[in-house]
Amino acid sequence: DINRSIDLLTKEGINIHANIIYGLTGETLESANRTFEYIKSLVNTNSNITKILASHAIPLFATGMFRRLAGNAAAAGEYSGDLNKDDIFDYDALTRIYTKYFTSVNFEDMETLVQQTKGLMAGEGCHTSFEVYNPKQCDNR
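For the sequence shown, the working numbering gives the first residue as 651, with consecutive numbering after it.
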């Protein structure tokens with residue numbers, strides 16, 4: 651379906667912004683590497699892919715990912731705050747914990763793939779990522 655959609659967009663001269671999320675539930679290093687190789691092949695064969703957004707899956711509050719993390723006693727216990735009472739979350743920590751408990755890829759390997767994916771698009775403004783907000787590092791905002 652993705653290839654067919656890209657072919658149709660290419661035929662019509664429509665530019666594409668590719669979105670890649672690593673670290674969804676069940677992600678393995680093999681599946682993450684397959685994703686990288688697939689997007690790399692798409693970028694190499696489709697000149698109308700003009701931007702890439704590559705990121706870790708972030709367990710944002712009220713999502714299924716967040717509920718899954720909060721419902722796992724071991725995972726929730728690793729978080730320094732209270733997932734049921736806090737108003738502000740350290741999403742960097744939550745993403746690392748989620749990766750540890752719900753994927754079989756370590757966070758650093760996943761970060762390498764995020765950076766390599768962003769690197770497929772050279773040039774200013776051709777790639778981006780969701781950044782996770784760590785309130786402990788950004789108190790002066």
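In case anyone wonders, no lab produced these hints; they're calculated from the structure.
We put the CB at the ideal spot given by N, CA and C, even for glycine.
Hints are supplied without guarantee of correctness; some may be wrong.
Said to hold, decoys possible - Computed list of lysine-lysine pairs in DSS-like fashion (alpha-carbon distance at most 25 Å, straight line): (1) K750 <-> K661; (2) K768 <-> K701; (3) K768 <-> K750; (4) K735 <-> K750; (5) K768 <-> K735; (6) K661 <-> K690; (7) K690 <-> K701.
As the list claims (entries may be wrong) - Restraint ranges, calculated between C-beta atoms of paired labels, are given here: (8) K690 <-> G663: 16 to 24 Å; (9) N669 <-> D759: 19 to 27 Å; (10) N665 <-> D759: 26 to 34 Å; (11) N756 <-> R717: 32 to 40 Å; (12) L658 <-> D737: 38 to 46 Å; (13) R654 <-> Y751: 32 to 40 Å.
Here's how the hints hold up against the structure:
no., hint, result
1, K750 <-> K661, "violated, 42 Å"
2, K768 <-> K701, "holds, 9 Å"
3, K768 <-> K750, "holds, 23 Å"
4, K735 <-> K750, "holds, 23 Å"
5, K768 <-> K735, "violated, 35 Å"
6, K661 <-> K690, "holds, 20 Å"
7, K690 <-> K701, "holds, 13 Å"
8, K690 <-> G663: 16 to 24 Å, "holds, 23 Å"
9, N669 <-> D759: 19 to 27 Å, "holds, 20 Å"
10, N665 <-> D759: 26 to 34 Å, "holds, 31 Å"
11, N756 <-> R717: 32 to 40 Å, "violated, 23 Å"
12, L658 <-> D737: 38 to 46 Å, "holds, 44 Å"
13, R654 <-> Y751: 32 to 40 Å, "holds, 36 Å"
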